[in-house]
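S.K.: As a plain string of letters, each chain reads:
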Amino acid sequence: MPCWYSEIPLFTATSRHYVDRLFDPDPQNVLQGVIDMKNAVIGNNRQKANLIVLGAVPRLLYLLQQSSSSLELRTECAVVLGSLAMGTENNIKSLVDCHIIPALLQGLLCSDLIFIEACLRCLRTVFISPVTPVQLLYTDPTVIPHLMSLLSRSQHTQEYITQIFAHCCKTPEHQTVLFNHGAIQNIAPLLISPSFKVRMQALKCFSVLAYENAQVSMTLVNVLVDGEQLSQVFVRMMQRDKPIEMQLTAAKCLTYMCRAGAIRTDDNCIVLKTLPCLVRMCSKERLLEERVEGAETLAYLMEPDIELQRIASVTDHLVSMLADYFKYPKTSVLDHDLKHAHELRQAAFKLYASLGSNDEDIRKKITETENMMDRIVSGLSESSIKVRLAAVRCLHSLSRSVQQLRTSFHDHAVWKPLMKLLQNAPDEVLVMASSTLCNLLLEFSPSKEPILESGVIELLCSLTQSDSPALRVNGIWALMNMAFQADQKVKVEIVRALGTEQLFRLLSDPDTNVLMKTLGLLRNLLSTRPHIDQVMSSHGKQIMQAVTLILEGEHSIEVKEQTLCILANIADGNTAKELIMTNDDMLQKIKYYMGHSNVKLQLAATFCISNLIWNEEDGSQERQDKLRDMGFVDILHKLTQASDPNLCDRAKTAMQQYLA
Amino acid sequence: MYQVLKEVGLDLERANQIAGFHTNNKQKIGVPFAAVFLINFLDVCYQEKELNQRLKRLYPAVNEQETPLPRSWSPKDKFSYIGLSQNNLRVHYKGHGKTPKDAASVRATHPIPAACGVYYFEVKIISKGRDGYMGIGLSAQGVNMNRLPGWDKHSYGYHGDDGHSFCSSGTGQPYGPTFTTGDVIGCCVNLINNTCFYTKNGHSLGIAFTDLPPNLYPTVGLQTPGEVVDANFGQHPFVFDIEDYMREWRTKIQAQIDRFPIGEREGEWQAMIQKMVASYLVHHSYCATAEAFAKSTDQAVHEELASIKNRQKIQKLVLSGRMGEAIETTQQLYPSLLERNQDLLFMLKVRQFIEMVNGTDSEVRCLGGRSPKSQDSYPGSPRLFNSPVHKASSSQTYQTEQNNAEVEMELDHFSNGVSESSSNGFLNGSSTHGIDLEECDGDMVDSAQSKRQLCGGSQAAIERMIQFGRELQSMSEHLRRERGKNSANKKMLKDAFSLLAYSDPWSSPVGYQLDSIQREPVCSTLNSAILETHNLPKQPPLALSVGQAAQCLSLMARTGSGSCAFASVDDYLH
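From first to last, the protein sequence lines stand for chains L and E. Position 561 (the first sequence) corresponds to 561 in the numbering used here; numbering is contiguous. Position 335 (the second sequence) corresponds to 335 in the numbering used here; numbering is contiguous.
Source of the hints: derived by calculation from the structure; they are not laboratory data. Be a bit skeptical, because a hint or two may be false.
Said to hold, decoys possible - Restraint ranges, calculated between C-beta atoms of paired labels, are given here:
hint : chain 1 : residue 1 : chain 2 : residue 2 : range
1    : E       : L305      : L       : D112      : 50 to 56 Å
2    : L       : S320      : E       : T180      : 20 to 26 Å
3    : E       : K252      : L       : H17       : 50 to 56 Å
4    : E       : E243      : L       : E360      : 33 to 39 Å
5    : E       : S507      : L       : Q155      : 14 to 20 Å
6    : L       : G595      : E       : D162      : 57 to 63 Å
7    : L       : E212      : E       : K252      : 57 to 63 Å
8    : E       : T180      : L       : Q155      : 50 to 56 Å
As the list claims (entries may be wrong) - Straight-line distance between alpha carbons at most 30 Å, and here's what the computed DSSO-like set of lysine-lysine pairs gives:
hint : chain 1 : residue 1 : chain 2 : residue 2
9    : E       : K98       : E       : K153
10   : L       : K365      : E       : K124
11   : E       : K153      : E       : K124
12   : E       : K56       : E       : K124
13   : L       : K541      : L       : K626
14   : E       : K252      : L       : K327
15   : L       : K197      : E       : K485
16   : L       : K638      : L       : K600
17   : E       : K124      : L       : K364
18   : E       : K124      : E       : K76
19   : E       : K78       : E       : K56
20   : E       : K252      : L       : K284
21   : L       : K386      : L       : K93
22   : E       : K56       : L       : K242
23   : L       : K197      : L       : K327
24   : L       : K242      : E       : K153
Beta carbons: idealized from backbone N, C-alpha and C, even for Gly.
Please put together the full structure from these sequences, using the hints given.
M.R.: Spelled out as structure tokens, the structure:
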């Protein structure tokens, strides 16, 4: 303490004096002391910090809570506390640590409006700070209903309470709590309040309440404000002479209601109002924050709807307007600037990703935008994780285009930074990156070769061991694509790197997608006769086991069909087919599926038999005899009468093998 | 059939013209045909009404007498391969359409007035024809019509086949999507920043052209057979929400005005405003207010208080319709004024005659058996700024360019004070009027509720009025002999006498003269004349500057500054 004194004696001396006066025995002096303190701290962060350090807060809270204190004193205390909260984040932390929140919430039970407003003003300042845990609003279940009831008291209570709600509604649970306590009915009338601040905060409340919440959104569309539908109130708030903040927030509300399924994507209020409003928010004239929010919201709005994507792509030159997002300086001494640059770029990438997710023409337009591919490539290796993620999302969206895979993707060697990104990245990024890689490994992609040479197999195999189903799918999917019509060398390498153990573990994966892609991989591995024989000679036993297991298990038609196709491939091998012929149990299974009620399974099983009895191969006569003895000819004969033309043809072709 | 139309009061010439008939076919039209014709005609009438309303709402600042708005394509300003129909709104191609040399365009009847601020029209593609080589855009007068819009200097277009924009060049720039049958293409000209953007089916496609020259005409061009397009210059609601766009620009312009920097020296601005307010109060003889204001703002008043009070007294008399007393008082207080200004005296007397008819003038009120209320004062305020134009000696461009117009308007003001108020754009007339009627209800004869009778219903008063009319007639003749013909005086007298031609003058076509609002121009002309004899300005500086602002706006409209559209002086006079 003495040491501290010696450092800044002047300030502390006066500060100490203020604190001392709070302990004066005469209540009148205390009141005057608090008023003087109020005047001293306004706009003076140093003074605020000093008072906090000197322990003014607990005393102020004590005075505020004492029912023996005069209402005037209690109100002044709340005002001073509110002023202290206006300072730095550290101030807020100290206030929260002193349990200011429960004390102020308690104060709201008082009947005096002026005091309530002072408490609310302070609570508002505390709650809108990022350092305050929002959960504190929900700890006491009586708080929310009480706040709802205070909404009718005055414009100030309306402003502060809606602002608190707007900031403290962060999770679906929060949304539900507020919804259940009548937030919609209580706040909707505030949208036509004479006070701009109240209108604005009420609007913000609706945007956070409706976000990804179908229940709220469905309720909102049926709400009437002064006889007018809520969506129309929002539309009016998007008029171009309204403040930008209001336009943007109203557009967010409608976007969230639309995404939650409460408004159709072809509704005029979306197509002709919300979408153009959000595009305007992306214009150069808007502030950086507005451009970021506008682009992100627009990306979210049109993500699932190709028609909105098409409209947006021709609205106000959006595609080239977004290119300006990259012109904000990338290097700057100011952290602030850097953050803006990152935010702008990631927002642009997100919007490009959304724009290009379905339409080939739009993708072309995007890739033809000045330096677009270079920007994505450099985005993939940026320091900010947010930018990297958005860049890879954008790349993924564009990678759905066969034409782009063949041209711009190859020209810009996007696979290189993509591979680098895959080396060590958080799961979020990995999912997108590996998904993109899947597309790059498609057979017609010229990038497939260089990627193979870069030793990607090990990496993909490690992905298949991930805990995340999405990553396992992408890993095995990429391997499947890679194995399609691949060289023997590549196939051997895949089997070696993956290891049969892992392969069979994947065949019993709980995720159907993983199972399907693994079967797909097997099928691709087992194509062309020499490869079939080669693989089956080394892993035949396990593969036959796995096939048996799947055919016996509870699986979907698609899985079983894929498995029967694998079996048909095996039956096409020279030596491999003996693995089936010597397995009577397997033959019975094939027979069973030939008589299955599902045509697809019948077809696959018939295909398998047809391969086994194919004439031109060694030992075909014996196989034909054996299968005839087992009754396959009768089944084939029956199938030639099948109603499905494919199945009928297939059965006839098989029968011809016997006739020849 | 024609009788029907006649009775509805419609002009047959015009009807035929609109419906596309030649006048000499008139007799041949059969009854069923006529019925169709009537339906079409009424449809067109309705459309015209809607068009006029929409144009008025969209472009309130445009003075159509000076700069008419485009309402249809011009049958005179087109290439021969263009055919027009449906009231000159539908355009079809009737050439061979073999090569680009067969391209053909048509311009609208009028160029886009700058006072629109933001101008918009839409074109619906009815059929894309063989190849859909359609261009929608703008061109200046005289640009070759054997071309698509955009190919030549001062010509701009957006083409349907490739979606390119053509900015005075044969090669286009990638601009927007292609367009075809069923699409609605809009073209918006921003006359504030001289840019243009297009819309497709209600969606803005972004800026197409910048640095546009003034006086462009809406233009469309077609090039292959079968191409048909319909224009909408406001006949129907637009697909694109142009009013929302205009709202944005109105806000922008008004923010610009609000933020406009004023005098750097502290207090100068305020002092000037105070001076203007004070002089305005004095001018209109609000003595008490003027005194209090001058005191609290620490200013000197440049007129004797007594003099202000005199003027106030006269004004009150005029405004309450007691013209006889007003003339008498004027002659007492300013003996030589009316003697020297015979025209003014004549005008006052004509007004007195009207007030007699009205039953409000003191002379007839005495005769009507009702005692004149000596102190009943006119409770309404004098009308605000009731002279439209004044010399702006400080503005040089204004002087050099506008000399003619100014002279005209000054004359106008002097000679025709009674009727001018109707054409005064910047009067907040209707609201004042409303208050007048309401507040005067108590004892005014012209209130709508009380029973209105000629000269208040007294026979003696009617006789007095007739006699006064004769005196007026002889004064008029006397004036003509002495000073030559004066058409304004003649008309004034004729209008006033016309009142007697109707059994109920108040609801007659000339009944407006009886409205108390017509006292205001008389009042202010008299007030100005009195002030002039004292070498005081006949117009208060405040009215002068408002007039100046209004004049500036119309000047801006003429010189092509579109922002005048969103800066109406009215918006600032509450």
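S.K.: Against each hint, give a clear statement of whether it holds in the structure.
M.R.: To see whether the hints hold, each was checked on the structure:
| no. | hint | verdict |
| --- | --- | --- |
| 1 | L305(E) / D112(L): 50 to 56 Å | 54 Å, holds |
| 2 | S320(L) / T180(E): 20 to 26 Å | 24 Å, holds |
| 3 | K252(E) / H17(L): 50 to 56 Å | 53 Å, holds |
| 4 | E243(E) / E360(L): 33 to 39 Å | 36 Å, holds |
| 5 | S507(E) / Q155(L): 14 to 20 Å | 51 Å, violated |
| 6 | G595(L) / D162(E): 57 to 63 Å | 60 Å, holds |
| 7 | E212(L) / K252(E): 57 to 63 Å | 36 Å, violated |
| 8 | T180(E) / Q155(L): 50 to 56 Å | 54 Å, holds |
| 9 | K98(E) / K153(E) | 24 Å, holds |
| 10 | K365(L) / K124(E) | 27 Å, holds |
| 11 | K153(E) / K124(E) | 26 Å, holds |
| 12 | K56(E) / K124(E) | 23 Å, holds |
| 13 | K541(L) / K626(L) | 22 Å, holds |
| 14 | K252(E) / K327(L) | 26 Å, holds |
| 15 | K197(L) / K485(E) | 67 Å, violated |
| 16 | K638(L) / K600(L) | 16 Å, holds |
| 17 | K124(E) / K364(L) | 29 Å, holds |
| 18 | K124(E) / K76(E) | 22 Å, holds |
| 19 | K78(E) / K56(E) | 27 Å, holds |
| 20 | K252(E) / K284(L) | 16 Å, holds |
| 21 | K386(L) / K93(L) | 28 Å, holds |
| 22 | K56(E) / K242(L) | 24 Å, holds |
| 23 | K197(L) / K327(L) | 34 Å, violated |
| 24 | K242(L) / K153(E) | 39 Å, violated |
Violated hints for the displayed structure, listed by number in ascending order: 5, 7, 15, 23, 24.
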